[in-house]
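Engineer: Now for the letters of each chain:
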Amino acid sequence: MLPTLMMQNVGLNYHSKTSETNAIDDITFCVNKGEFVGLVGPSGCGKTTLLSIISGILAPSRGQVLIEGKSTKDKNAVIGYMFQRDLLFPWRTIWQNVNLGAELKHNKNATQKATKLLKKYGIYDFKDKYPHELSGGMRQRVALIRTLVLNPQILLLDEPFGALDYQTRQNVIDDISGIIKNENTTSLLVTHDITEAICMCDKVIVLSNRPSRVKKVIDIQLDKTKPPSQRKTLTKFFEYQTQIWKELA
Amino acid sequence: MNKNLQYSKEHEKFLHKQKKDKITILTFQIGLLVGFLGLWELLGQLNVINTFITSSPSRIFNTFITLLNSGDLWYHLGITLYETLIGFLIATVLGTIIAILLWWSEKLRKILTPYIVVLNSLPKIALGPLIIIWVGAGLQSIITICVLVSIIITVISMLNAFLECDKDKVLLLKSMGANKWQILTKLILPSALGQFVSVLKINVGMSWVGTIIGEYLVSSAGLGYLIVYGSQVFQLDLVMCSIVLLCLLASLMYFIVSIIEKKIIKTRKD
Chain A
387 MLPTLMMQNV
397 GLNYHSKTSE
407 TNAIDDITFC
417 VNKGEFVGLV
427 GPSGCGKTTL
437 LSIISGILAP
447 SRGQVLIEGK
457 STKDKNAVIG
467 YMFQRDLLFP
477 WRTIWQNVNL
487 GAELKHNKNA
497 TQKATKLLKK
507 YGIYDFKDKY
517 PHELSGGMRQ
527 RVALIRTLVL
537 NPQILLLDEP
547 FGALDYQTRQ
557 NVIDDISGII
567 KNENTTSLLV
577 THDITEAICM
587 CDKVIVLSNR
597 PSRVKKVIDI
607 QLDKTKPPSQ
617 RKTLTKFFEY
627 QTQIWKELA
Chain B
299 MNKNLQYSKE
309 HEKFLHKQKK
319 DKITILTFQI
329 GLLVGFLGLW
339 ELLGQLNVIN
349 TFITSSPSRI
359 FNTFITLLNS
369 GDLWYHLGIT
379 LYETLIGFLI
389 ATVLGTIIAI
399 LLWWSEKLRK
409 ILTPYIVVLN
419 SLPKIALGPL
429 IIIWVGAGLQ
439 SIITICVLVS
449 IIITVISMLN
459 AFLECDKDKV
469 LLLKSMGANK
479 WQILTKLILP
489 SALGQFVSVL
499 KINVGMSWVG
509 TIIGEYLVSS
519 AGLGYLIVYG
529 SQVFQLDLVM
539 CSIVLLCLLA
549 SLMYFIVSII
559 EKKIIKTRKD
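First to last, the sequence lines map onto chains A and B.
Here the working numbering is used: the first residue of the first sequence is 387, the next is one more, and so on.
Here the working numbering is used: the first residue of the second sequence is 299, the next is one more, and so on.
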């Protein structure tokens with residue numbers, strides 16, 4: 387079976403008036419269907435830039451990005467993108483926010499899916515409220531549902547818990563990974579938080595300093611029946627943590 | 299609010315103080331106006347000031363009644379209001395459309411930026427005589443001046459609001475496959491609505507300035523005309539009366555915009 391996401395020798399140069407920077411040197415990895423993959427690396431190594439390339443917003447200088455075997459150049463891929471902030475539109479109700487994608491694509495099925503997901507994840511009663519009336523965790527849940535409504539082939543998560551305080555964060559991590567696992571959505575998580583990556587992911591990709599390359603791919607085998615927030619007490623967790631620290635040092 | 303709710307003594311005290319402060323402020327606001335008008339009238343009656351030059355509240359009121367009875371009031375008021383509203387609408391709508399075009403094309407924006415800067419700093423009244431010659435003396439040149447006075451600032455503020463829109467939200471829409479038109483209608487325009495209301499408020503003031511300037515330069519009717527005419531024939535009662543009417547009209551228009559603002563802000567909290 388084709389991998390959901392295939393990055394083949396992807397590279398990117400930044401151009402400015404005075405210089406040309408080789409930001410991303412050569413990145414090759416793949417994400418299989420249903421997998422949850424984490425991307426960690428030193429700050430400034432271009433993690434977010436990689437997500438922009440995968441989502442087709444930015445064209446790479448070299449190499450190619452294939453989603454289910456098709457190049458992202460054709461812009462046919464359906465990609466979910468979740469940001470650090472929930473980015474809900476304050477002038478839209480929860481229902482209207484969740485259906486944003488459906489509206490853009492004139493997709494009736496997506497509207498049905500929205501109803502289903504809102505009911506399943508306990509937000510249906512709040513559908514006529516405005517975002518400011520919901521808590522931070524709830525808003526992030528709505529943001530996730532907004533992306534899932536379009537049945538994305540792959541979900542990109544860019545530090546999606548970075549804006550939450552510590553307490554909320556633990557709950558939201560369990561909540562969001564629970565939903566993603568339930569819906570069996572293939573996901574790629576970018577984070578600077580190694581703990582978060584180990585706890586949530588099936589596979590962690592460690593990137594090098596700029597110009598970035600893939601330094602190591604680590605398979606994470608932790609007890610997946612436990613919620614992510616409880617996996618960090620497992621003995622194997624510390625082994626993985628030491629291993630990743632070593633790679634980053 | 300629940301009426302059966304029992305407030306603590308401290309809270310009652312707090313509420314009482316708030317109410318008291320509100321009454322004090324309102325009393326002084328009204329008192330200031332009444333005191334000023336009363337003093338003005340009194341000094342006039344006592345011949346301390348020359349009411350031929352300063353006019354007085356009672357003379358202004360009498361002039362108002364005369365204008366009202368002769369039917370001139372509605373005629374002049376109507377004309378000025380018409381010019382202002384048309385100028386206000388054209389400037390707001392056209393200015394917003396231009397701002398949308400400049401947002402749409404970065405090239406166009408870069409090309410036109412120096413021209414906008416120059417036009418913005420130019421005192422628009424300097425163009426008055428030219429406009430009268432080009433557009434012709436009459437309503438149309440007053441409306442043109444009115445539009446000129448407020449359109450540039452509309453373009454600049456609306457464009458700023460469009461460009462300040464959250465970049466991540468634009469990315470979000472792009473990742474969902476939105477085209478430029480959808481980004482404009484689903485995100486840029488709704489998120490600039492707050493700024494649009496402040497532009498409306500600014501333009502209320504600006505369009506009155508434009509209309510009165512226009513009427514000073516070229517007119518045979520309207521409140522601006524009455525002011526100029528009144529000063530030329532030394533009928534300061536007429537001048538003052540027109541100024542008071544202007545004050546009332548401009549406040550009324552501002553008040554209407556404020557109501558619109560409240561309606562919009564109600565559902566928009568970030």
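Take these hints with a grain of salt, some might be off.
[Said to hold, decoys possible] Quick look at which bits of chain B chain A covers, simulated, 3 or more residues with Cβ under 8 Å:
1) 340-346
2) 482-490
[Stated by the list, open to error] Residues from chain A shown here face chain B by an in silico Cβ test under 10 Å; the list is partial:
3) PHE469
4) PRO476
5) LEU550
Just so you know, these hints were derived from the structure itself, not from any lab.
All figures in this text were calculated on a predicted structure; none of them were measured in a lab.
Note that CB positions come from ideal geometry on N, CA and C, so glycine has one too.
Engineer: Can you list which hints this structure breaks, lowest number first?
Structural biologist: Of the numbered hints given earlier, those the structure breaks are 1, 5, listed in rising order.
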